[in-house]
Structures are given as structure tokens and as C-alpha cells.
Amino acid sequence: MIALNHYLVLSAILFAIGTAGVFVRRNLITILLSIEIMLNAVNLTFVAFGRALGAADGQIIVFFVMTVAAAEAAVGLAIVIALFRHRESLNPDSFTALKW
Amino acid sequence: MTLLVAQIVLTLFVFFMLLNSAAVMVYVERKVAAFLQQRLGPYRVGWQGVLQPLADIVKLLFKEELRPRAADAFLFALAPVISATCAFAAFAVVPFGAETTLGGWLPEPLRLQVSDVNVAILVVFAIASMSVYGIVLAGWSSNSKYSLLGGLRSSAQMISYELSYGLALASVLLLGQSMSLTDIVNLQSGTWFGFIPRWNVFFLPCGLIAFLIYMTAGIAETNRAPFDFPEAEQELVAGYHTEYSSMSFAMFFLAEYVNMVTVSAVATDLFLGGWHGPFLPESFGWIWFLVKVGAILFFYVWMRWTLPRYRYDQLMRFGWKVLLPVAVVNLLATAAGVLYFGL
Amino acid sequence: MGSDLTFYLFAAIAIAASLLVIAQRNPIYSVLLLIASFGALSGLYVLLDAPFVAVIQIIVYAGAIMVLFLFVVMLLNASHEETEYDERVHPLLQAGPMRFGAFLAAALMIELVWALMKGGGESGAFPGKAVSGVKEIGQLLFTDYAFPFEVTSILILVAMVGAVVLARRETHQ
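Residue numbers (the numbering used here), protein chains in the order written: chain B, 1 to 100; chain Y, 1001 to 1343; chain W, 2001 to 2173.
Hints were generated in silico from the structure; no laboratory data involved.
The model shown is predicted, which means the values in this text are computed figures rather than measured ones.
Glycine included, each C-beta is placed from N, C-alpha and C at the ideal position.
Any given hint could turn out to be false.
As the list claims (entries may be wrong) - 20 angstroms max Cα-Cα, derived DMTMM-like pairs, lysine to aspartate or glutamate: (1) W/LYS2135 <-> W/ASP2004; (2) Y/LYS1031 <-> Y/ASP1072; (3) W/LYS2129 <-> W/ASP2049; (4) W/LYS2135 <-> W/ASP2049; (5) W/LYS2135 <-> W/GLU2150; (6) W/LYS2135 <-> B/ASP57; (7) W/LYS2135 <-> Y/ASP1183; (8) Y/LYS1145 <-> Y/ASP1072; (9) W/LYS2129 <-> B/ASP57.
As the list claims (entries may be wrong) - What follows is a set of in silico ranges between Cβ atoms, one per label pair, in the way DEER data are often shown: (10) W/VAL2113 <-> Y/PHE1016: 43 to 49 angstroms; (11) B/ASP93 <-> Y/ALA1335: 50 to 56 angstroms; (12) W/PHE2147 <-> Y/LEU1010: 44 to 50 angstroms; (13) B/VAL65 <-> Y/ALA1335: 23 to 29 angstroms; (14) B/ASP93 <-> W/VAL2165: 23 to 29 angstroms; (15) Y/LEU1307 <-> W/ILE2015: 49 to 55 angstroms; (16) B/VAL68 <-> Y/MET1017: 41 to 47 angstroms; (17) Y/TRP1320 <-> W/ILE2110: 45 to 51 angstroms.
Just chain B, same shape as in the assembly:
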């Protein structure tokens, strides 16, 4: 019997995997992909709760989260392209020139 808890635990595991990707990987595009994993984990939580409460609100919020994720991916990738043109590198550690 699959209950709400199963979905929440799965979502927590996916979120943690996304977080690990953001912390560990040194490639800008993989970091953006990990952010997408985190957003998807949150989507799963919303839909699971929406089903548990018998309302369609969960699905509507997922709709908005997807829109925001699309906008964020577009702008994030544009920033990655602009950064790449400056330094020819996708390693976030090569953009530390302003640090003292």
C-alpha cells in the first residue's frame, strides 16, 4: 500500500541528491541540472499533498513551479553562455577574480 509517506521520502531523497549535485560538482551546467532535480522533487511533494487533500491546488502550484523553472533555466543558461565567453571555462572556481 503506497501512502503519502512513500512519496515524501522519495521526494526528500531526490532533493538531497540535487543538493549534493550543487555542492559537489564544479561544472556550471551540472549545477543547473541539479537545481532542476531539486525543483522536480518539490513538484512531486506538491502533487502528493494535493492528492492527499483531495484538491487540485497541488497541481496548479506545480504548473507555476514549472513555469518559474523554465524562466530560470533560460536566464541561467544565458548567464552561463555570457560567462563562458569571458573565461572559456565552465568551472565556477575560475570566476573568483573579485575575491579579496
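With the hints as your guide, set chains Y and W onto chain B.
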């Protein structure tokens, strides 16, 4: 239990018929092209060349399977699989006949549709948007400049025309008040004034414009002329499938023909009344379905050998600056019509 | 029983694909594995009686956003970049801050899972009724959530303009 067996048989039957339709389309294309160009086409292999597709398949099977050394092996092998899978999967939600009990054999009526979801239109659209990957991965993994250019151009074209495709589908959704293809077809049964069928294409002007937009976007989606610049033989060697040979090449062509059949089948269901027709009883509606799909496929082949090819920038300009605004205005007009005139 | 098995299957695919996404060196494989993960999530949405969200997930995420990622990876030729500290060591096992980051993420996961398994309630089955029709979603979207809906349209316009401006090549006069 018999119903389960019947559904499995139906799935296998649909798969087999799609494979056959690709083979038939190969022959039909060559024959019609030949007659349009005032020559004979294949006529040696079998009576009037009917066994020509079989000869083609045997030839392709015996060719050597090449792979460039610097190509990414996994992606190179995966790309035709993605193309072919998406082409077949999109047909899974298309109904092609009324419910039938096969003359009393089955205990309850069997829908002639592999799987009946109530968001069928969106599923077709979703799978069409996945088929971009087959092409872009083929272009990238071949590690050759013609392939890469062809692959990127083709995928940019496909995602541009997907928008107009979706908006034309949305117009039909408004007219049909449901996302399930079976419901939309059933709303098109019957006639007005006794002789004009209630097909969506006759809902002037919104239905007709939606049909034209859908067909244009469908032709662009399947990379057929006059929108086939990415795989033009004269301009780009062969575009994204330059480096492919033997069965992988055959799978790309299979995918293209099955995509054509799917677009025609969905157009028939949405705009031309599906399996409803004047003289035959409901349970033989699939004959009308075949006739209508055949007519649209003939139109496809006719367009290819009649119109010149669009240049790539003309193609993209047309998709974004002409087709998309027309589709949006058509959607608004359909919405206004449904709301105020209760169409 | 059948739906239990499907849940575990989709969950396993989603977790395995996500783990491989963060473990791959080549960003193209990461993007493709993420698409596989999205497919599994789409299946989970169908199990949760949300077919509309499932199909929208494929259309928007797997069919549009990931194509954008793939184009950018191909444009930047990222698979041939030297982007990691040390080429011989696997990206996830690099020394230094990365190991600490991995430890933090693992700690987060253990904490979340423990909290969820321990907390009361919510271990029963889902209630019988589910609102999943497109009509109901549309009605809610355009009445209760009409304001966020309009705001997202402006958001997308802003994102479009921003992306074009940011990615534009600087023209030297």
C-alpha cells in the same frame, strides 16, 4: 480475459500495420512521384513494382553497418531508436474505428485504440516534442559538420513549429470541449442540412484555418517538403543522417513515414470526422478512416514533388512571424465563437 | 499490488537516474539521464491521479527545457572542457570542499528521511476522491489563481528579454 487477449492482439496489430504502412508509403511515394514527373517509377519488381519496398528492405538489411571512429557510440546507436520509438508511441492514443464487438465474439465492445487516456491530444503533442531528441542526438553524435548543422537546424525547425501545432490543437479542443480523441470524433458524427458532414474542418472560418495551420505545422514537424531543408539532398549532403547506413538509416526513414501516418491520422480524427462516413455502418468506419488518411498521405507526397523547398531562414521566419500569429488569432476567434455563439 | 510495483519501479528509476546525473563527467549524458528521471516522475504523477501534470511535465520539462540545456551544452562544446579540478579523480570524489559538501547533502537526506518516517499521521492510504480533470484545473486556475497566472506571463516575458540580452554577442563599434 478475452478482452485482455483482444487488447494485446490489437496492440500487435496496430504495430504491424504501422510497419506495413511505412512500406506501402515507400512504394506510393515513388509511384506518385513518378507519375507526377511523367515517368513510370518502379515496375520491374513484382506486378507494377509492388514488391519494390521488399527489395529495398532486403538491400538495406544486407548493407554494412558503419560508424565513424570519432562518433559517440552510445548516442550514435541511441538516436534512431529514439526517433522510431517516439514515432510508434504517438500512434498509441489514436483511435481508428468505432467500438466493436467483432461480430459478437467479444463480451463487451473493444475500443479500436491502443490506450484510451482522457488527455489524448496532449499525449500526441508530448511525444512529438520528444522526437526532437532523436534528430539532435543523431546530428551531434555523428561528429561531422554536415550532420551537426542538419541536426541543429532540423530540431530548431521542429521546436518552432510545435508552437503553432499546439495552438491549432487548442482550437480544436475548444470546438470539441474535451481532450479525448474519441469524444472529439464522436462529436463530428451526423450532418447539417442533411448533406454537409459535421466535420471540424467545415466550421468556418476557425475550423478550416485550424486545419490548414495543423497541416502546415505537421509537414514542418515531420521534416517533409517544402520544409525539408535539414535533410535536403542537394544542399546539405543528407543532414543529420549522413553518417548512418543500413538499419539505422532504415529506422530514421521508418520514423519519418510513421510520423507522417500519425500526423495524418490525428488530422483525420480531429478535423475530418475520423471514422464517420455516409454509406457504411458504424462498425465498418475504419474503412472511411483509411480512405481519409490515404487522402492526406497522398496530399503529403503531392506537396513534396510540387513545391520548391523553403530556404532555412525563410522557413523560420514563416514559422514565427506568420504561422504563430495566425494560430494565436485563430485560437482567440474560436474562443470568442464558442463563448458567444455557442458553437 | 500492481500499482505498488509500478511505484517502486518508477521511484528506483528516478533515484538511479538522478544519482547518475550528478555523477557523470559528460554533461550530455547528464542531460539525457535527467530526461529519463523526468519520465519516471511523469509516471509517478500518473499514479497520483494527475495525468494533466504528467503530460505537461513531458511537454515542458523533457521536451523544451532539456532541449534548451542540450543546445547550450552543444554550443559551448562542454563535453570537451576541462572543468574539474583533477581529471584523474572522479568528480564526486574530489578532495577538499567537495567531500564536505557531499557529507552535508547526505546528512540532509538522513535528517529528512528520519523526520518523515517518524512524524505522526499521513501513513494511511490516499483518500478516495481525487480532482484530476482538466476542466477542474482550468476553473481553479482562472478564478482563484488568476493573479499568479497573469504574473507568470510577465515573468516569462522578462525572462525572454533577459536571456536575449545576456546571451547577445557584444558588438564592438
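Item checked: Violated hints - listed by number, lowest first -> Those not satisfied are hints 1 and 2.
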